[in-house]
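> Given next are the chains, with one letter for each unit.
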Amino acid sequence: MKSQRPILKYSLFIIGLFFLFSFRFSEPKNRPSLVIEFNHFVGKDKLILDSLMYKNEFNQSYSIGKFRYYISNIKLRRKDGTEYASNEYYLIDVEDKKSQQIVIREKGNYSSISFTIGVDSLHNCSGLQKGALDPVNGMFWAWNTGYIFLKLEGKSPYSKSPSNIFEYHIGGFKQPNNCIRQVRLDLPEKTIQVVEDDADLLSLSVDISEVLKTPKNIDFTEFSSVTDFNNATMMADNYADIFGVIKY
Amino acid sequence: MLEENPYFKITSKDVIFKNPKGFPKPIYDLTKNKPSVEGFTLGRKLFYDPILSVDYFTSCATCHQQFAAFAHIDHPLSHGIGGKIGIRNVPALQNLIWKDAFMVDGGINHLDLQPISPITSPTEMGENLPNVLKKLQADSTYRLMFYKAFKDSIITTEMLMKSLSQFLSLMISSNSRYDKFIAGADTLSIIEQKGLNLFASNCASCHTPPLFTDNQYHNIGLKPDSNLNDKGRMAITSFKEDYFKFKTPSLRNVEMTYPYMHDGRYRNLKEVMNHYAASQSCTKMKFDEFEKVELIAFLKTLTDMEYLHDRRFADPNTY
Chain A
1 MKSQRPILKY
11 SLFIIGLFFL
21 FSFRFSEPKN
31 RPSLVIEFNH
41 FVGKDKLILD
51 SLMYKNEFNQ
61 SYSIGKFRYY
71 ISNIKLRRKD
81 GTEYASNEYY
91 LIDVEDKKSQ
101 QIVIREKGNY
111 SSISFTIGVD
121 SLHNCSGLQK
131 GALDPVNGMF
141 WAWNTGYIFL
151 KLEGKSPYSK
161 SPSNIFEYHI
171 GGFKQPNNCI
181 RQVRLDLPEK
191 TIQVVEDDAD
201 LLSLSVDISE
211 VLKTPKNIDF
221 TEFSSVTDFN
231 NATMMADNYA
241 DIFGVIKY
Chain B
1 MLEENPYFKI
11 TSKDVIFKNP
21 KGFPKPIYDL
31 TKNKPSVEGF
41 TLGRKLFYDP
51 ILSVDYFTSC
61 ATCHQQFAAF
71 AHIDHPLSHG
81 IGGKIGIRNV
91 PALQNLIWKD
101 AFMVDGGINH
111 LDLQPISPIT
121 SPTEMGENLP
131 NVLKKLQADS
141 TYRLMFYKAF
151 KDSIITTEML
161 MKSLSQFLSL
171 MISSNSRYDK
181 FIAGADTLSI
191 IEQKGLNLFA
201 SNCASCHTPP
211 LFTDNQYHNI
221 GLKPDSNLND
231 KGRMAITSFK
241 EDYFKFKTPS
251 LRNVEMTYPY
261 MHDGRYRNLK
271 EVMNHYAASQ
281 SCTKMKFDEF
291 EKVELIAFLK
301 TLTDMEYLHD
311 RRFADPNTY
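Chains as they are written, first to last, in the numbering used here: chain A, 1 to 248; chain B, 1 to 319.
Just chain A, with the same shape it has in the complex:
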């Protein structure tokens, strides 16, 4: 009997190890999720940075060097009328691939999505914020507290600014210069794609050319720089309609 005990001990140890490992390996398994992907276009073309190939409504050529914006208050409405709401803030940047995918940790039978372009008044007024809202991200006005909701920079030979640049830094949470805009998109058939067992994909299109038109067509000679409240709401009305849903 005595000689069998070490074997018993040994096998118990092995079984214990097995349990431990199986537990560890099962844990990081992904929760079912919905990935929202932001795909950037200029008109019908995929965005290529710094390429002077785009034309505005005045037939003025331009290139895009920088495009970033805040998305918050994401709400996904289910077909049964209930809602999934997120209170996260996201900074989407065309130069940062990782930022262009938002993971919603809940899969669902969604019929519409809504979100805010910008940052709500509370987060503009309650001191230093972290994460996407950290002022280190360069989307913050130090001299007049508040977030830049959307930044579009580029060049056009028609701009009279130094080096022919144009820059639109649009933000403002106070009336009458409130630049917060709401977006609501319906999600009909063939929009939420089942990619894997535990991940659905929703592809949104972002048409940057829409920042420069509807309702106000932007002439680079006239408006090469909007970086404070002057003309900010005009630009905000323009960017309210840049989003669309891509069908698969």
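If you're looking for bench data, these hints aren't it; they were derived computationally from the structure.
No experiment lies behind these values; they were computed from the predicted model shown.
In this text, a Cβ means the ideal position worked out from N, Cα and C, and glycines have one as well.
Some hints could be false.
Unchecked claim - Among chain B residues calculated to face chain A with C-beta under 10 Å, some are: (1) Y28; (2) A101; (3) I108; (4) H110; (5) D112; (6) P115; (7) S117; (8) T120; (9) P130; (10) E158; (11) S165.
Said to hold, decoys possible - Cross-link-like lysine to aspartate or glutamate pairs, in silico, DMTMM-like; alpha carbons within 20 Å at most: (12) A:K213 / A:E57; (13) B:K134 / A:D134; (14) B:K231 / A:D228.
Said to hold, decoys possible - If you only want the chain B side, here are some residues facing chain A, beta carbon under 7 Å, derived: (15) V54; (16) G107; (17) L113.
Fit chain B to the given chain A structure using the hints.
Positioned in the frame of chain A, the structure of chain B alone reads:
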């Protein structure tokens, strides 16, 4: 190491906040960023360190001098990197936790966000936040100090700003001769008391004790300087009625914060009195020469020698 100088060593007694008698409750929430010995010491080092500027030459203290209640004595407009001149006079730093907005136009709405403005302004320290954090992160002394203060050696914007706020929040001036007079612990001369009475009936509605400001914005009838093109509060709100309005400054330590006004146009208090005596905007004030002297005598009782010489706020790099 300089930090070991016992004269500048901060102890737990130094970082205790006590609301001065008669002062309202602070606006800044100290429970969310309670000053600690380590955090305060770090904030002080940062305040006096030109590492925060792009040319390693300009620190916060370059323009905020303790003997001037942290204003810039004898400089009408602020100076920055490379000899650049700003458009406004450097304000005194005191009793900041009772302010609801910062800068003379009130553009900044929180103490924790305030230092970002001078650090990143092209005419002040000319830096950007990612670079400041990189420079601090590369410095082993700072890594250690941030670790001691925040239990983390990866330096973030939040840690940087909170340490500065811990230093700034305790900059409290409440021990002037006026305060002692109010508390019954000192007397004022007859001329100072006359000045106090004149002040109470003519000036205190905007320069309201005990903070000597109403935290509001006013146009006091100064002629705009077309070279500066300063729009005042209107640059923040966009409202036309806010054109050339500026935040009422506190008058504590006003004797030491010359020159005066948002653009430093008046060299001394006498010139300020002359403005108010002639001003269209404050018609009640028709001070004669005696009254001007009395008012100035009273204003000088607001000088807080304990604050101007408090070793906790002094440059820790001096011997």
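> Compare the structure with the hints numbered earlier in the document and write down the numbers of the violated ones, lowest to highest.
15
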